[in-house]
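The two chains are supplied separately, each in an independent frame; assemble them into the complex guided by the hints.
Each protein sequence line maps, in turn, to chains P and V. With the first letter of the first sequence counted as 1, position 397 gets the number 397 in our numbering; the numbers rise by one all the way through. With the first letter of the second sequence counted as 1, position 56 gets the number 56 in our numbering; the numbers rise by one all the way through.
If you're looking for bench data, these hints aren't it; they were derived computationally from the structure. Small disclaimer: the values here were computed from a predicted structure and weren't measured. The reader is advised that the hints may include incorrect statements.
[To be verified] Below, computed lysine-lysine pairings styled on DSSO-like, alpha-carbon distance capped at 30 Å:
| hint | chain 1 | residue 1 | chain 2 | residue 2 |
| --- | --- | --- | --- | --- |
| 1 | V | Lys-24 | V | Lys-222 |
| 2 | V | Lys-194 | V | Lys-125 |
| 3 | P | Lys-242 | V | Lys-24 |
| 4 | V | Lys-200 | P | Lys-361 |
| 5 | V | Lys-23 | P | Lys-302 |
| 6 | P | Lys-301 | V | Lys-237 |
| 7 | V | Lys-222 | V | Lys-54 |
| 8 | V | Lys-194 | P | Lys-355 |
| 9 | P | Lys-355 | V | Lys-324 |
| 10 | P | Lys-59 | P | Lys-78 |
| 11 | V | Lys-194 | V | Lys-55 |
| 12 | P | Lys-302 | V | Lys-256 |
| 13 | P | Lys-355 | V | Lys-277 |
| 14 | V | Lys-200 | P | Lys-301 |
| 15 | P | Lys-355 | V | Lys-54 |
| 16 | V | Lys-252 | P | Lys-355 |
| 17 | V | Lys-24 | P | Lys-301 |
[Stated by the list, open to error] Some chain V residues well away from chain P (every beta-carbon gap over 10 Å; in silico):
| hint | residue |
| --- | --- |
| 18 | Pro-116 |
| 19 | Lys-222 |
| 20 | Lys-336 |
[Said to hold, decoys possible] Below, a sample of chain P positions facing chain V; criterion: calculated Cβ distance under 10 Å:
| hint | residue |
| --- | --- |
| 21 | Ser-156 |
| 22 | Ile-312 |
| 23 | Asp-343 |
| 24 | Gln-346 |
| 25 | Ser-348 |
| 26 | Ile-349 |
| 27 | Cys-353 |
From the three backbone atoms N, C-alpha and C, an ideal C-beta is built for every residue, glycine too.
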Amino acid sequence: MPKTIILVDMDAFFASVEQQCNPSLRGRPIGVIGSDKRTVITAASYEAKALGIKTGMNKFEAKRLCPEIILVIGNNRKYTHTCSELAKIYARYTPDVEVYSIDEAFLDITDTQHLFGGAMEIGAQLKKEIKKTFGINASVGISHNKLLAKLASDISKPDGLRYISMEDAPSVLEDMPTDKLWGIGRGIGNRLKLMGITTCGQLGRMSETFLRSHFGIIGERLKEMGQGIGSFSVLKETAIAKSIGHSMTLPKDIINMRDIEAHILKLSEMVARRGRLYNLLGEVVSVVIRYKSFKTFTRQKKINTHTYDTHIIYDTAIGIIKVIRLAEPVRLLGVTLSGLREDSGQMSIFNECNKKDALIKSMDSINDKYGEFTVSWASYLDIRRHLGVISPAWRPSGLRRTDV
Amino acid sequence: MKIKISKNELLKSLSDIQGIIEKKTTMPILSHFLMDVKHVGCTLYATDLGTGIKKPVQMLEIIEEGAFCVSATRLYDIVREVQEDLTIEYVDQEWIKIMSGRANYRIAALNPDDYPLWPTIEDEKSIKISSPALLSMIEKTINCTGENDPRYALNGVLLHLQGDLKRITMVGTDGHRLSSVSKEIDLDFADEIKIIIPRKAAIELKKQLMEIDQELILNISKNHIKLNLGDREFLAKLIEGTYPNYDQVIPKNNDKLIYLDRENFMGIIRRVGVMSKEKSHAVRIDIQDGLLNIFANDPEIGEANDVMDIEYSGEPLSLGFNAKYILEALSIMTGKNVAFELKDTLSPTLLTEEVDKDYKCVLMPMRI
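If we strip away everything but chain V, and leave its shape as in the complex, we get (with noise of 0.2 Å):
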């Protein structure tokens, strides 16, 4: 196998899959990509198992066909510092030699033949949706994905299609707060596909869904979702498990409600905020009529506390809550004002934004 290829090109490529290669050393294979070089076209495979990204890559000439493994961080590095087009070439099936300009590399490298293969997809659904849709979708649920949880159908987002009511859901939870963001969609099947998608495959999917805008189609098998971003394959596996049931738990009867203005809130809770426990992020608010206190104490540092005018008349209610779950389900919503609605103290409640009902954030509090 030889080839040459234009810096760029290869630089570009290898960029996209630093997210996806493996960075922990358990399976070392993980950590390197494969390059299939054929005259009809070269293709670069990158997986950690979970997620997988597929590519076409151009060479500026192919002198032998063939294959090669390589660790991804490694050729990286080369090929950011190297200032020429590189000339790679396979030898003793152990060795990767690379020249640009005057010059020269040799890395070690794996058998092509023992890369993860790319799996084949079988009985699946497709649907459409466009690109910005998917990410915002993303972008509002992925903070409330749980990370590491036992529970381990909390570690991915829920996607959530429902062919009657022709509707798409996304969900995330962490146990603690919930978000869900739901879409009118044409859907060309009757059926309800509830399927998890790693928190990992979710993040590196709205990385490179940042950088397109087009029509997409989802392929949705048993334990794959497939999409084509541009010229790329994405592929994640999906989590097996069962998802709790959200709209259980996203509160439909709180009858306390305030406006609250965004920019606002978010300065008030990030100013007392500073003085909150360094673990619990823990401030009580305190809601009585016309006005919101916020208090934040930690023994060991001292307090905070600062108010703001709101509408609201009703019976006082004090509630405690992690306030950085409040600011990171602020900062996702975009219009100028927010909907609060609660109940008592240690219910769940809720946040919405005015412009964009479909996006629900449960906060639970804590007891105080």
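So that you can see chain P by itself, here it is in the shape it has in the complex (with noise of 0.2 Å):
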């Protein structure tokens, strides 16, 4: 039987949150903004999107483009529980659900859809629900895979509902630009077009030899791409995830090693917790740096030892950095823990390694009952609250995958 796959997606999400919270802002074009020191447009809501401003603009030439433009420094607490709420009217309808990123959902309804009258139903139930509970639109998608979902989402964008049924897939994919599709980004669509290959019609003719010797193996990806095939199911939380990461865009551009040191042992932290809740050990800490020109790497190092110790963690993202000697201020930080393995439950020989374990457990238990942070490291207290925007393939629960 073909699966029944469901993408719900927020509209302007970070602004119609705080259009709900503020009600003087609602059917005003507002910027959603890391902080007062930041000047890069996160989120636009859909008012300011019509009047031209789109995401990841400079608020000085938001401002130019549109005086009247509010601009809204956003709150991660916000949208995060916006977004675990969101997950719980989800989960009414299939226990099958990935959260993909903080605004973006895959519901596999294959088995339960007789339940609540069809997929269809089941979109436009998703719809009311959430508009009703949040006051937001949302876009829902439906397909028999998660390519043809997100791009039925994209083409009904905003406020929309569409199914792409198998029958309907090659006339829409017919004149669909290729970057519309879900995997192929500007880098790849260049390419395509430099070929003569604007569609996605196009692009599912194409010969897989061709492809392949153009962009090796995942050409062949591309032109079942093309005719709309996507073998991607729905992500359920049992299988090992790859890599835990965070990354956060800070409040203001930074090269002091002391700041940088505070806001590596947050990320550590969250990270560190994130593998002790689903008991993964992980042996490379990568380090991912935005500098303020937006030049991004990422360097990682190899420890001995298989870990989910936030102090481990830290010191070998601190031990990267001092040996990368930063040449710019830093904008954008990141630390991810990979080569994963389950927690066997071995305990130490050494009284203190077991005492160290005891007491990350309880730390965490506390944080769990009375919210993150409560209990924290002294050397944290530098740190002011109000971090800066997370990164939109941040997820409240669960792991991030990196393979798809």
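Below is the structure:
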């Protein structure tokens, strides 16, 4: 039986949440920024988008384009809370939910749709409930794989509901520009254009050998994508993740080592804590750095042990940064733990190791109950609570999979 | 430099040093060995800077004195293949020419002056120990030694000499298990000495000790140990650092004692261990009146269990273990029976031999 997959995508998520929290912002062009020192607009309301404001635009540019724009400083807690609450709505329709990013989720309703009157009915219900509970418009795409579900949602935005059936797929794809497809970015899109391939229809008709010779192993996949074949299934959290990572755009660009240390400590704690939550230990620590000039790079180091200890991850990450010698102020930092394996439960022969383990677990349980960072390391005291914008790939629960 | 040497003499010498020379190419010269050729005697040196061997080599004829430094594996491969004695000549400061029968080789060589110096050892203390005794101590502890552990001191075996108690103890631990073996020994000093011999050096020493049976003199300096093994001199650089207090780790008041037939215990763990998880090798051991049950399961593969009779009457107890750790400990032991001392689910357990009470293996359970 073919799968039935729904993609729910919040329209202008951060901006919509802000508009719901503050009624005076509703119906007006707003842009969300990371902090008062940040200049990049991370989300724009539909009213602002209509006036030409785009995500990623500089705030001065935005002001010039639309002087009446209201700039709002984002608040991550609001978004993550909303995201967790949304997941509860999804769970009413199917247990197979993959919260793909903070504002998108895939639902596999293959086996449950008959209980709710069919896929379109579920789509409509979801939209209605989200609107009623949060006042946010969602675009819902339905199809037989994730690729087409995502496309259906993208082309029906805003506030859309679209179903692409197997039979409709070829006609929908025929004149669809290739870069509308999930997974084809500007890079591959431009290369395809240079070869005269602009639509998915054309892409699907290209020979596999031709695409392979130009794009290597992903060439075959590209052809399938052009035909609307998506092999991705909805991921539940059962498979072992490949990595656990967090990154954040900082409230302002920094170069001072003290500031960097503080942020790395916080990121390391977030990563380590997620590892502990899922009983996963890692042996490779990577650091992502984005300079003021947007030059971005990653460096990694293998530690000769598997760990989810914040301090080992922190020490390794700082070791990496010290070797780099920063050339410019930093706007984004990220820490990732990979080379994961499950905690076998083997205890240490040395009491102090077991004690430290117990201490960390107790801290975790306090933070579970009273909120993140209720109990924390003293070296955190320096950091202000309000920190930057989270990456769109962040998820409030579960592990981030980077192999998608 | 020009020599004639018999195939067998060179082959034996080269095979002795294969374990020492560095296989990674971070410092190319460490994959080479040095041959010092003098009329009074020829000496072969091999080192990876951590472990070193120096041994005399008999030449058939010394045509010209000198030295050469060449890749140990490359020359070993050549010597294995040739059928006759070899003539070796160092030419143009960069090549070694080899002739054996009608076969000719020319292989790149490094400057012998660049070969690391053999360290001189000062302020040494020495102890007398028989080679089988030292070998047995290494064999019983080496398995538990850490490998690439960030706690650097754990990547070696501890040699603990207590002059006042006339005792020698060797310990290995990787943080999950610990083996310690003690012996009475005649020491002519009253101090306490603790040194850590790196894992690689201990493994190499074990190999060399297997070939001899003699009284040894072990010289200990601040940074090195040195032994004369037959005609060879063996040297190892010690790990600096503080070894954990091993005595504190060995449980003293585990109140539940079970005697087990070693072979039967190994059999049951092997049978059930087949179904344990690939990486953790976790098995659960349940002990109750007269019975020991053992279980393993991997949710994706399946499960297994087996039972053996034991003499035990007390409160039931369940513990998780890494099956591999138990098997390794049991396979090093030799006697018929072993004693398994337990306390509770999360406390360290102790495995000892009935015959050799000086050998103790501490196994930390897994949380189940």
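Checked hints:
For the hint linking Lys-24(V) to Lys-222(V), the alpha-carbon distance of about 28 Å falls within 30 Å, and the restraint holds. A hinted pair counts as satisfied when its Cα atoms are at most 30 Å apart, and Lys-194(V) with Lys-125(V) qualifies at roughly 12 Å. Note on Lys-242(P) and Lys-24(V): the hinted pairing holds, with a Cα-Cα distance of about 29 Å set against a maximum of 30 Å. A C-alpha spacing of about 36 Å is found between Lys-200(V) and Lys-361(P), which places the hinted pair above 30 Å, so the restraint is violated.
With a C-alpha separation of about 21 Å, the suggested pairing of Lys-23(V) with Lys-302(P) holds against the 30 Å cut-off. For a cut-off of 30 Å, the pair hint linking Lys-301(P) to Lys-237(V) stands: about 27 Å separates their Cα positions. For a cut-off of 30 Å, the pair hint linking Lys-222(V) to Lys-54(V) stands: about 20 Å separates their Cα positions. Taking the CA atoms of Lys-194(V) and Lys-355(P), the gap is near 27 Å; set against the 30 Å cutoff, the hint holds.
In summary, the hint linking Lys-355(P) to Lys-324(V) is supported, as the alpha carbons are separated by about 25 Å, within the 30 Å threshold. Pair hint Lys-59(P) plus Lys-78(P) holds up; C-alpha atoms about 22 Å apart against a cutoff of 30 Å. Between Lys-194(V) and Lys-55(V) the alpha-carbon distance is near 28 Å, which keeps this suggested pair within the 30 Å criterion. For the hint pairing Lys-302(P) with Lys-256(V), the CA-to-CA distance comes to about 42 Å; that exceeds 30 Å, so the pair is violated.
The hinted pair formed by Lys-355(P) and Lys-277(V) meets the criterion: a straight-line CA distance of about 26 Å does not exceed 30 Å. About 24 Å separates the Cα atoms of Lys-200(V) and Lys-301(P), which keeps this hinted pair within 30 Å; it holds. A C-alpha spacing of about 47 Å is found between Lys-355(P) and Lys-54(V), which places the hinted pair above 30 Å, so the restraint is violated. Distance check on the hinted pair: Lys-252(V) and Lys-355(P) sit about 20 Å apart at the alpha-carbon level, within 30 Å; holds.
The suggested pairing of Lys-24(V) with Lys-301(P) holds, with an alpha-carbon distance near 19 Å, which does not exceed 30 Å. Every CB of chain P lies more than 10 Å from the CB of Pro-116(V), the least distance being 26 Å, so the non-interface label holds. With a closest Cβ-Cβ approach of about 26 Å to chain P, Lys-222(V) is found to remain outside the 10 Å limit, as its non-interface label requires. Consistency note on Lys-336(V): stated as away from chain P, and its beta-carbon is indeed over 10 Å from all of that chain's, at 27 Å minimum.
The closest approach between the C-beta of Ser-156(P) and any C-beta of chain V is roughly 40 Å, which is over the 10 Å cut-off, so the hint fails. Because the smallest distance between the Cβ of Ile-312(P) and any Cβ of chain V comes to about 8 Å, under 10 Å, the interface hint for this residue holds. The interface hint given for Asp-343(P) is met, as the beta carbon of that residue sits about 9 Å from the closest beta carbon of chain V, less than 10 Å. For Gln-346(P), the interface hint holds, since its Cβ comes within 10 Å of a Cβ in chain V; the closest pair sits about 5 Å apart.
Against a cut-off of 10 Å between C-beta atoms, the interface hint on Ser-348(P) holds, since the closest Cβ of chain V lies about 5 Å away. With its C-beta approaching chain V no nearer than about 5 Å, Ile-349(P) sits inside the 10 Å limit, and its interface hint holds. Interface hint status for Cys-353(P): upheld, as the beta-carbon distance to the closest one in chain V is roughly 7 Å, under 10 Å.
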